[in-house]
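**Student:** One-letter residues, chain by chain:
Protein chains: 4
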Amino acid sequence: MTKVSEYTAVFCGGDMRMLYAAEKISERPGLRAYYSGFEKAAFVPKNVKMLTDADFKADYLILPMVCTLDGETVSAPLSEKPIPISEALSLVKSGGIVFGGNIPKAVLSKIEEAGLLAADYYKNEELLIENAIPTAEGALAIAMEELPITIFGSKVLVTGYGRVAKTAAKTFSALGASVTVAARKYSDLAWAGFDGCKTEHISNLSSAVKGKDIIINSVPSVIFDKSVLKNTKGLIIDLASKPGGVDFEAAKELGSRVVWALSLPGKTAPVTAGYIIARTITNILSEQV
Amino acid sequence: MTKVSEYTAVFCGGDMRMLYAAEKISERPGLRAYYSGFEKAAFVPKNVKMLTDADFKADYLILPMVCTLDGETVSAPLSEKPIPISEALSLVKSGGIVFGGNIPKAVLSKIEEAGLLAADYYKNEELLIENAIPTAEGALAIAMEELPITIFGSKVLVTGYGRVAKTAAKTFSALGASVTVAARKYSDLAWAGFDGCKTEHISNLSSAVKGKDIIINSVPSVIFDKSVLKNTKGLIIDLASKPGGVDFEAAKELGSRVVWALSLPGKTAPVTAGYIIARTITNILSEQV
Amino acid sequence: MTKVSEYTAVFCGGDMRMLYAAEKISERPGLRAYYSGFEKAAFVPKNVKMLTDADFKADYLILPMVCTLDGETVSAPLSEKPIPISEALSLVKSGGIVFGGNIPKAVLSKIEEAGLLAADYYKNEELLIENAIPTAEGALAIAMEELPITIFGSKVLVTGYGRVAKTAAKTFSALGASVTVAARKYSDLAWAGFDGCKTEHISNLSSAVKGKDIIINSVPSVIFDKSVLKNTKGLIIDLASKPGGVDFEAAKELGSRVVWALSLPGKTAPVTAGYIIARTITNILSEQV
Amino acid sequence: MTKVSEYTAVFCGGDMRMLYAAEKISERPGLRAYYSGFEKAAFVPKNVKMLTDADFKADYLILPMVCTLDGETVSAPLSEKPIPISEALSLVKSGGIVFGGNIPKAVLSKIEEAGLLAADYYKNEELLIENAIPTAEGALAIAMEELPITIFGSKVLVTGYGRVAKTAAKTFSALGASVTVAARKYSDLAWAGFDGCKTEHISNLSSAVKGKDIIINSVPSVIFDKSVLKNTKGLIIDLASKPGGVDFEAAKELGSRVVWALSLPGKTAPVTAGYIIARTITNILSEQV
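Protein chains in written order, with the working numbering: chain A, 1 to 289; chain B, 290 to 578; chain C, 579 to 867; chain D, 868 to 1156.
Mixed in with the good hints there might be a few duds.
[Stated by the list, open to error] Derived DSS-like pairs (lysine-lysine); straight-line CA-CA distance at most 25 Å: (1) A:155 to C:733; (2) B:499 to B:487; (3) D:1065 to C:624; (4) B:444 to A:267; (5) B:487 to A:233; (6) B:444 to D:1065; (7) D:1100 to C:624.
If you're looking for bench data, these hints aren't it; they were derived computationally from the structure.
Working from the sequences, and respecting the hints, build out all of it.
**Tutor:** Okay, structure coming up:
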């Protein structure tokens, strides 16, 4: 039998879901996975080794979903010490691939200079769609924990109607909430109506928030300003990436109840979220070959 | 204008939902509500007064959903001191009504001897149906908190197909879980199939548990014995009233993961659960008149 | 190898679904099926023989879902000549079983006198549940054919909340209709509410019919009398067995639009309906052994 | 009181839904509707007059959803004589608007030359979304009429995952069919999976058709060629606009069961379809002002 040529991947930085991704991807024949920067993690993935050899050179470097917050170091909340991006890149063979999410331009340049290829998770639409599910379930878990009422019979407002909003609307509707969607595009409102939701143009947000128990924002611009917050008695769950959709100062002043919910997939369902990442990497590799 | 004749109700013992029930019922014209035995509760219900007058005589005494655990005192986790049932009964006018859940025979005798009427919540089918919703949502919240996977795509086994089981099956199915129902009656299995579930006769429980991520038990007899638990890798959420459905000793020995989840409505959704109780009392009173 | 002892069944009378039932049941090892009284049927079932031998004696006689209309002859719309019940019974061996639906007392006596056993389909709850599905789909097909509007967005009233009503409510809701359930029992209304329907006590039928596009009746007593019909502009689909739920004279006088829809499973989905009957017979036989 | 300035619209050609659209739009204050080319229609719309004055000049000309089949005459199946497009255009005031669906380039030129504006329904995304519902329900009605089985439990294949395919998949799933979606884009397959469907890449169509009872095609290119049709035993409902998705000759040769289902909204639900057109015209007019 011919030997299967072996590839190596180093998972560097990120939260628990990256360890589950590592474990999952190591099931792939011919791929050997290592991890680095997870000293604080309680979980030890099966069939994945901690990287100890400083001179190691891998075919693939796997950075987290938000690969860096400061542009200098890998985002690595479970690492005991900061990991400079340049140090991480030095782990890769010439011609190797660096996977990561939201890779900034400056980092892309470094990758290119180092003779490596970059693959950004967020360019993969399937991942975005699949990630919407743990995000919506995370919002559901927050609503259940924070409110003393059942989701069944509750009144929910969802802003926007992109992937995450659509999934959140479906999730709450499925449990018997009365869901209103406020969006800007009339075609989105037509779809929302077809999906069984009430609809309201986003320009009426100020009145749409009235009487709602739960408001789920997916719009990444500050649409919940003082005038809107004044009418908002329900719990706001803000799923939008920075800067989010809520005027922080006004919310504080008015005593609005807001949960800023970022990186929900990694918190709610790290195993599922890890498997989604593993599948995405696998798909990207299949397409490359 | 004629004066509306006024009735008085004392809410005595129970958890938070009884206070919400008191608040809700006090909206009823001609009804004045009091509470007693809630010294440890942080919440103060609107329009409901704490009972201070020892010689007070009410038309209605409202005991909690499980009115007593020991047969001697009112179940009153938020009270600073035990409340003997006889003391509680002395608060009611001759001919008045005592509401409570699962009222034991001995207590029924005392009520009769005191010249009072008894009304048991659990004889009211609507309450049982409505309570199934916060119970199922509570099971969902537990599953989301305990497991690192999404409900979407998870494999769930529900035992039995009564009110709670049916509601739980629907709740998890609605979120995209693959739900199997294991029940004894073939007609229940026919309904479960119609409701979109896979089905398995309960006699095959030992094999039905295999590969399931979540097992929700609604059967109040020990069907999860050692032989079944050996095949069970998933999280068991036991919703059955005492004695529950899981062999405690065997579960401990085998390291099975079990959550005994009692009184979920009061924990998950005390406001909704309180409103359900208030609506039940109102219905019983309407039927009496 | 031991010879499998062979049983014989004669399917006598009924509509197309009985032929599909015969075809399905003939797949059972050790069972040989014959048919009689289907001269007008275009379809010839596979592996089932037409009965020609007058002296034949079978183990099982399979009569249709409504076994007789007049108490004297087998209900046999596809037969060229009437089949007296006594003639049909003479086809069975002593100790054999007669299957049929709604077997009248007088026929039961004849069966007993002949030394045979009787098995009524309608005593089998699974069959009733499973038959509710082709019935509900039949009602849907009628509504789609009769009305120039989409089911999505239509306003539907369902009376009762038994098997057929529940299934019809679910079917129309699933397609985006707004469904109201009018029933007598409060527990039924509680379930209907939980199933996402609006609810109305049946005593308010007169007002509940207003504004509805489609009314589906499952109550087998004349609740649609003149006073109710006066308010009814929508299409009434009457699924109730005789005498049905609609005052025929009043409906004619007022020009109400009514479809009396009986035996829908056999009309809408004879194959599925036949398989349900075959499965029921198989289950009854399994329980007997 | 000031007089509301009055606009006039002539509905010319098309099927029944155009008359319902005329009736609906005539409810709009300040708009007077006329119709022309419906001599064969049994239905007389309320508040809409038949056009008799040859010298009439309208503000708006409302042509049907498929405005012309031959490029020369208005598509007018209910007219007793052909209506040349030039004759129709001569009914409009200079500066007036011509509404129509799929207006060919040559006709657009004529409209422009005549000093008129053109508005194509198909550029309005909401109409396309809303039309998907009567289309999907039409496909459902066809399946129910053609097949002797229930939709519940049937096996359905849907090709593509655009508006119509998505709506059809949801419609059949909602009734308990097992739906597989075969599409080309992986992101479409991800959505279909999230919507509860099984998925298959369209490149595997030949095997995906196996065992399916119903196949719904929405892809407007001949993907059901001889090799695919050989494996297809189920009923094909072709919803794709010309040339459709089925090799006509091969289907005939192989005896495949195909329903070419065009203009379903007008056939299944002319009232709803007419209201959708009326709403679209209203929206276009609102945006113009």
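**Student:** It remains to establish, for every hint, whether it holds in the given structure.
**Tutor:** Outcome of the hint check:
no., hint, in the structure
1, A:155 to C:733, "22 Å, holds"
2, B:499 to B:487, "14 Å, holds"
3, D:1065 to C:624, "32 Å, violated"
4, B:444 to A:267, "20 Å, holds"
5, B:487 to A:233, "41 Å, violated"
6, B:444 to D:1065, "16 Å, holds"
7, D:1100 to C:624, "18 Å, holds"
Consistency note: the structure conflicts with the earlier hints numbered 3 and 5.
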